[in-house]
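Got chain A; can you put chain B with the ligands on it based on the hints?
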Amino acid sequence: MKPCNRFEMQFPSLSANESFARAAVSAFAAQIDPTVADLNDFKTAVSEAVTNCIVHAYRDTIGTVYISAKLFEDGKLTVRIRDKGCGIPDVAQAMEPLFTTGGSERAGLGFAVMQSFCDTVRVHSTPGGGTSVTLTKRFSRRMSYDKR
Amino acid sequence: MKVRLLLKNGVLTARLHGELDHHSAACVRDTIDDTAQKMRPHTLRLDFSEITFMDSSGIGLILGRLKLVSVWGGKVIVTNVAPELQKMIELAGIPRLVEVRKEADGNEAV
Ligand SMILES: Nc1ncnc2c1ncn2[C@@H]1O[C@H](COP(=O)(O)OP(=O)(O)OP(=O)(O)O)[C@@H](O)[C@H]1O
Ligand SMILES: [Mg+2]
Numbered sequence: 001m002k003p004c005n006r007f008e009m010q011f012p013s014l015s016a017n018e019s020f021a022r023a024a025v026s027a028f029a030a031q032i033d034p035t036v037a038d039l040n041d042f043k044t045a046v047s048e049a050v051t052n053c054i055v056h057a058y059r060d061t062i063g064t065v066y067i068s069a070k071l072f073e074d075g076k077l078t079v080r081i082r083d084k085g086c087g088i089p090d091v092a093q094a095m096e097p098l099f100t101t102g103g104s105e106r107a108g109l110g111f112a113v114m115q116s117f118c119d120t121v122r123v124h125s126t127p128g129g130g131t132s133v134t135l136t137k138r139f140s141r142r143m144s145y146d147k148r
Numbered sequence: 149m150k151v152r153l154l155l156k157n158g159v160l161t162a163r164l165h166g167e168l169d170h171h172s173a174a175c176v177r178d179t180i181d182d183t184a185q186k187m188r189p190h191t192l193r194l195d196f197s198e199i200t201f202m203d204s205s206g207i208g209l210i211l212g213r214l215k216l217v218s219v220w221g222g223k224v225i226v227t228n229v230a231p232e233l234q235k236m237i238e239l240a241g242i243p244r245l246v247e248v249r250k251e252a253d254g255n256e257a258v
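Protein sequences, first through last, are from chains A and B. Quick note on my numbering: the first sequence kicks off at 1 and runs consecutively. Quick note on my numbering: the second sequence kicks off at 149 and runs consecutively.
Chain A extracted, bound-state conformation (with noise of 0.2 Å):
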């Protein structure tokens, strides 16, 4: 199936544009008319992908973060988060609930968030070359979608 409207966009991985970038997607997600519980849970998926980015990916450097997002006409909304960071070694194990390698202020669950707010969660990882991890939800509309 073909997308019936798409964007993207990229930043640097400075702590202040988690907000805008949930924000960003939020709105995009908007026109299908979601619930407020269904876009609530979405963006908080997007803000563990884009945080693990500034905080992991970027540990201890600025990188550019890549968001693209593509929206379908049953309601299905499928964002990809991407990095050029340094990569996960391990990706069963990174996604393991409490797993963490960010030290005590980090609870290790993003990746446990990412599951169970959206439909399917699909990481691809290269040490040394980045992570890239697509979240991908099916929205029950309010009102059926208008492409005009």
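In short, the hints are calculated from the structure, not lab data. Glycine residues also receive a C-beta, built at the ideal position from the N, C-alpha and C atoms. Some hints here could point you the wrong way.
Unchecked claim - Heads up, incomplete: computed chain A residues facing chain B, CB under 7 Å, no partners named: (1) Glu48; (2) Thr51; (3) Glu73; (4) Ala107; (5) Ser116; (6) Thr120.
What follows is chain B with the ligands alone, placed relative to chain A:
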């Protein structure tokens, strides 16, 4: 992110305001820890009534403060979590670690 601190009868209340993420948690943490270390409250109350958004950084904030006050035998309570944040609080198992409750306030400023 704004945080207001109030101390009354050994209870330090931190009333958080706005969106709680990795960016905003950093300065909130420093503000709370500064005062908590000086006052050593028996209870640190994190009041979430004005939090409109939270990701797992908020969970890290709660757990980190629990660790801090445990040093002098204090406890943490979390109050007035909005319904849309409840799912996150439950997922993280916070109710098994600290008391989570609804509570009206009535504390004076430090
Ligand atoms: N984009 C990324 N680049 C490099 N490593 C990552 C990336 N995303 C996650 N990781 C690794 O996976 C671990 C688990 O991530 P997860 O988001 O589940 O927890 P966390 O970020 O450590 O804690 P929390 O999200 O609760 O603050 C991280 O500690 C880190 O080691
Ligand atoms: Mg994380």
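TODO: Report the numbers of all earlier hints that the structure fails to satisfy, in ascending order.
DONE: Violated hints (numbers, rising): 3, 6; every other hint is consistent with the structure.
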